[in-house]
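Novice: Based on the provided sequences and hints, a complete structural model is requested.
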Amino acid sequence: MKTPKMILFDYGQTLISEAKFDGIKGTEAVLQYATRNKYNKTAAEIQEEASAINRELGRFDPLKRHLFQVEVPNYMFTSYLYAAQGIDVSLTPDEVDRVFWDAAAPGTPTEGIQEFLAFLGRQNIRTGVISNIAYCGKAVEERINSLLPDNKFEFILATSEYLFRKPNRRIFELALEKAQLLPEDVWYVGDQYECDIKGAAGAGMFPVWYIGAIDLPYEERKDILTVRSWKELEETLKRA
190 MKTPKMILFD YGQTLISEAK FDGIKGTEAV LQYATRNKYN KTAAEIQEEA
240 SAINRELGRF DPLKRHLFQV EVPNYMFTSY LYAAQGIDVS LTPDEVDRVF
290 WDAAAPGTPT EGIQEFLAFL GRQNIRTGVI SNIAYCGKAV EERINSLLPD
340 NKFEFILATS EYLFRKPNRR IFELALEKAQ LLPEDVWYVG DQYECDIKGA
390 AGAGMFPVWY IGAIDLPYEE RKDILTVRSW KELEETLKRA
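Just remember that the numbering used here sits 189 ahead of the position in the sequence shown, which is counted from 1.
These are calculated hints, taken from the structure and not from any lab test. From a predicted model like this one, the values you see are computed outputs, not experimental measurements. For each residue, glycine too, the CB sits at the ideal point set by N, CA and C. Hints may contain errors.
Unchecked claim - Label-pair restraints from in silico Cβ distances:
1) 411 to 331: 38 to 46 Å
2) 274 to 409: 44 to 52 Å
3) 391 to 300: 24 to 32 Å
4) 304 to 257: 43 to 51 Å
5) 300 to 409: 16 to 24 Å
Specialist: Spelled out as structure tokens, the structure:
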């Protein structure tokens, strides 16, 4: 293993640990800005419809989400969701994303990530982010920059802005184009085996499985570099 020129990170449960998703809380927050609610829908009723749509689309099943490799931007999803139920809100699509997300799944930095990013800076190892996420890129950038204000990420790729989702190699290739690096010069760190680890490996990058904040079942794999803390990855880099 050689020292990378750049390390790319996943967002959720890698850089940032999110609270358990609560769509009803998110919808309640958005409904505070409703200017029309024709059928007097409650947040629970709206979220029930959202869940039904997601089941039809085949999204968010933790065992199958790697099969869903085209992103549905949240502005498209919520535009349909509210309009179809006779609801108007006095928010822009970007604002809907931020209001909903902040209420539904607040986040905190994973333990030790800020120190690890500072270490990478001292080592002149470049950094960036690729996130499978439906929220708009602006909201994703704002959240990451607010929670990790000292980051030096060269770019934050939200799949909502670029069509393809991990593990599709196209989203990794886009990051390589932005970085102007070869895949063998880049490590990718994520918590989800199918999307992050297999996806990065399929694009020729060196994958690192971070399980320090994992909320999914996982199976130990001897052929993959697996770390439980950012300090552990720092020590690995020092030996590279």
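Novice: Find the hints from earlier in the document that the structure breaks and name them by number, from lowest to highest.
Specialist: Result: hint 4 breaks, nothing else.
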